[in-house]
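The listed protein sequences correspond, in order, to chains R and S. Add 305 to the 1-based position in the first sequence for this note's numbering, that's all there is to it. Add 192 to the 1-based position in the second sequence for this note's numbering, that's all there is to it.
Treat the hints as calculated values from the structure; they're not laboratory data. None of these values were measured; they are calculated from a predicted model. It is possible that some hints are incorrect.
Derived CB-CB ranges, DEER-like [to be verified]:
no.: 1; chain 1: R; residue 1: G441; chain 2: S; residue 2: R291; range: 35 to 41 angstroms
no.: 2; chain 1: R; residue 1: Q405; chain 2: S; residue 2: W312; range: 49 to 55 angstroms
no.: 3; chain 1: S; residue 1: R291; chain 2: R; residue 2: D456; range: 18 to 24 angstroms
no.: 4; chain 1: R; residue 1: T349; chain 2: S; residue 2: S363; range: 50 to 56 angstroms
no.: 5; chain 1: R; residue 1: S472; chain 2: S; residue 2: R291; range: 37 to 43 angstroms
no.: 6; chain 1: R; residue 1: P399; chain 2: S; residue 2: K358; range: 23 to 29 angstroms
no.: 7; chain 1: S; residue 1: P307; chain 2: R; residue 2: V344; range: 50 to 56 angstroms
no.: 8; chain 1: R; residue 1: T520; chain 2: S; residue 2: I283; range: 40 to 46 angstroms
no.: 9; chain 1: S; residue 1: T260; chain 2: R; residue 2: T349; range: 32 to 38 angstroms
Cβ coordinates follow ideal geometry from the N, Cα and C atoms, glycine included.
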Amino acid sequence: MTQPSQASANPGSSVAGDFRPSPSRVKISIDGVSKTFQVKKQRTEALKDINLQIAEGETVSLIGRSGCGKSTLLRVMAGLLPPSSGNILVNGSPLWRRSQVDTSVIEQLGVVFQEANLFPWFDVTDNIALPLKLRGVNKTERRKRARELADLVGLGGFFNSYPRELSGGMRQRVAIARALSRGPELLLMDEPFGALDAMTREKMNLELQRISLATQVTVVFVTHDISEAVFLGDRVIQLSPRPGRIEEITDVGIARPRSVDVQTTPAFGERIRKLRDALEG
Amino acid sequence: MRNSTLQKYLSWIGAPAVIVLLCLIWEVSVRVMEVSTLILPPPSMIGNRLIELVQESDTWNHTMTTVTEVVIGFTLAVLLGVFFGVLLGKIVWLELTLRPVFVLLYIIPNIAFVPLFVIWFGFGMGSKIVIATVLAFFPIMLNVLLGVKSVDPGHRDVMSSLNATKAQRFSNLEVRSVMPYLLAGMETGVVLAVIGAIVGEYLGGNEGLGYLIVRTLNQMDAPGLFAVIVILSVVGLIFYGMVFLLKRFLIPWHESVYASRGVSV
Ligand SMILES: Nc1ncnc2c1ncn2[C@@H]1O[C@H](COP(=O)(O)OP(=O)(O)OP(=O)(O)O)[C@@H](O)[C@H]1O
Ligand SMILES: [Mg+2]
Chain R
306 MTQPSQASAN PGSSVAGDFR PSPSRVKISI DGVSKTFQVK KQRTEALKDI NLQIAEGETV
366 SLIGRSGCGK STLLRVMAGL LPPSSGNILV NGSPLWRRSQ VDTSVIEQLG VVFQEANLFP
426 WFDVTDNIAL PLKLRGVNKT ERRKRARELA DLVGLGGFFN SYPRELSGGM RQRVAIARAL
486 SRGPELLLMD EPFGALDAMT REKMNLELQR ISLATQVTVV FVTHDISEAV FLGDRVIQLS
546 PRPGRIEEIT DVGIARPRSV DVQTTPAFGE RIRKLRDALE G
Chain S
193 MRNSTLQKYL SWIGAPAVIV LLCLIWEVSV RVMEVSTLIL PPPSMIGNRL IELVQESDTW
253 NHTMTTVTEV VIGFTLAVLL GVFFGVLLGK IVWLELTLRP VFVLLYIIPN IAFVPLFVIW
313 FGFGMGSKIV IATVLAFFPI MLNVLLGVKS VDPGHRDVMS SLNATKAQRF SNLEVRSVMP
373 YLLAGMETGV VLAVIGAIVG EYLGGNEGLG YLIVRTLNQM DAPGLFAVIV ILSVVGLIFY
433 GMVFLLKRFL IPWHESVYAS RGVSV
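Work out the full structure: start from the sequences and follow the hints.
Next up, the structure:
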């Protein structure tokens, strides 16, 4: 299987490399990853021979129908689910050694799950500060940091609220702040903005773009929303279901940072049309 | 707003009002129908007898005996229940072998074994403590087991993605998820511990509130019998209240506590 290179994947784009922060350094490499689930007699090929390289600072959107293996791929990349074959390389070092994870690789990750997964016994501040607490950061320091992050995701007034007092979208934003608290090099996000209204979603998209450009964090972003995928991604990876494989890689080819106005440009509209056709076809 | 304030105080005003009303009806009907005080004494008579009893140091000694039995028995039940609950929750083959046995022991009327415990552990406080422990143990243990098995896999994922150590998982996740289950078990368990101690005292020995009930019965002292029941109820209520307060303190975030605080206005 040939590596899907950035330029050949998209005939529509111009020179693929010139808008990307540092296209030369591969941050994460997905090498021939397959995953098969076996529940009793039922075998599901959730992922089949996935190959993908993501550059440092790049944002990659992952789209595809429900059940096509997006979460599974993210879980393999997060060190939560061992692949049936293949491996993940982060900065060149393998994440999986047989079915054990290399914990030093995990340290570089921030994960936002499809469900917020907040701890109901911690308030907003303590939920965001949990990753720092586990690292042994002292209480005043981590609370200060947590409050900054809560402000960042627009939850300034809710420091002491408990998860049950928050709406679904607010909980998801707490989860994002939690994933950011360790300053990860690699951010894995599974439909993080699914529960948000259009306005907040737009704001969060801009915020995520700002963070990713400012911190050079590499982002893998799973979404159902084609427009969101195009807006955020340097590339859009499209998975096809059963078995889950990469169907198409689209280079967006619009320089980042992008303003919300980019969505009304012909180039943007053309990318969306192309992806929609591919998804429906 | 007015509605919610009313609701908040209703249980504090309503329940005592109903009790007072029932006592009044009781008092009047017993006097009107001239029921023998041996069968059903009027509340006023019970009240007088209660005041007499409360002034006797003997009553306090018996109360303290029962309280001690319940405290020791219940504490043992909590310790053993947590120990076995966690053990069975963590070790699958142990759960598969022992869980059916524990469930069986729980659902057969284990109060029937009480005479046996009296034979084995004597007529003193020992046998009552054992009975209280045995009765309170099962609901606590089974609840803890359920709690250990019910830790949210999504929460476990969060801890894994953060490279949490075993100790960190334990203190930040497992202990806290099991807590509501433990307290639910304790709520049932504390009631059973009191019942266990009293039934033990009925059957053997000459100490405790259970014994006092048997003695007043033998003396045909119906007002005394009712008065002891009142004391017993207060003791039971205090124990239950303590577990309830513990719950408020330990799991203020949990639905069962949170909802009762009435936050909607
Ligand atoms: N633990 C599991 N055991 C068995 N099958 C599984 C398991 N997890 C996922 N699958 C199967 O793998 C396939 C991919 O699931 P996955 O959760 O990755 O989909 P997804 O693309 O994230 O879907 P969605 O957009 O709905 O979140 C599905 O067919 C699902 O049934
Ligand atoms: Mg998913």
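Results for each hint:
{"no.": "1", "hint": "G441(R) <-> R291(S): 35 to 41 angstroms", "result": "holds (38 angstroms)"}
{"no.": "2", "hint": "Q405(R) <-> W312(S): 49 to 55 angstroms", "result": "holds (51 angstroms)"}
{"no.": "3", "hint": "R291(S) <-> D456(R): 18 to 24 angstroms", "result": "violated (49 angstroms)"}
{"no.": "4", "hint": "T349(R) <-> S363(S): 50 to 56 angstroms", "result": "violated (36 angstroms)"}
{"no.": "5", "hint": "S472(R) <-> R291(S): 37 to 43 angstroms", "result": "holds (40 angstroms)"}
{"no.": "6", "hint": "P399(R) <-> K358(S): 23 to 29 angstroms", "result": "holds (24 angstroms)"}
{"no.": "7", "hint": "P307(S) <-> V344(R): 50 to 56 angstroms", "result": "holds (51 angstroms)"}
{"no.": "8", "hint": "T520(R) <-> I283(S): 40 to 46 angstroms", "result": "holds (44 angstroms)"}
{"no.": "9", "hint": "T260(S) <-> T349(R): 32 to 38 angstroms", "result": "violated (60 angstroms)"}
When held up to the earlier numbered hints, the structure conflicts with 3, 4 and 9 and fits the remainder.
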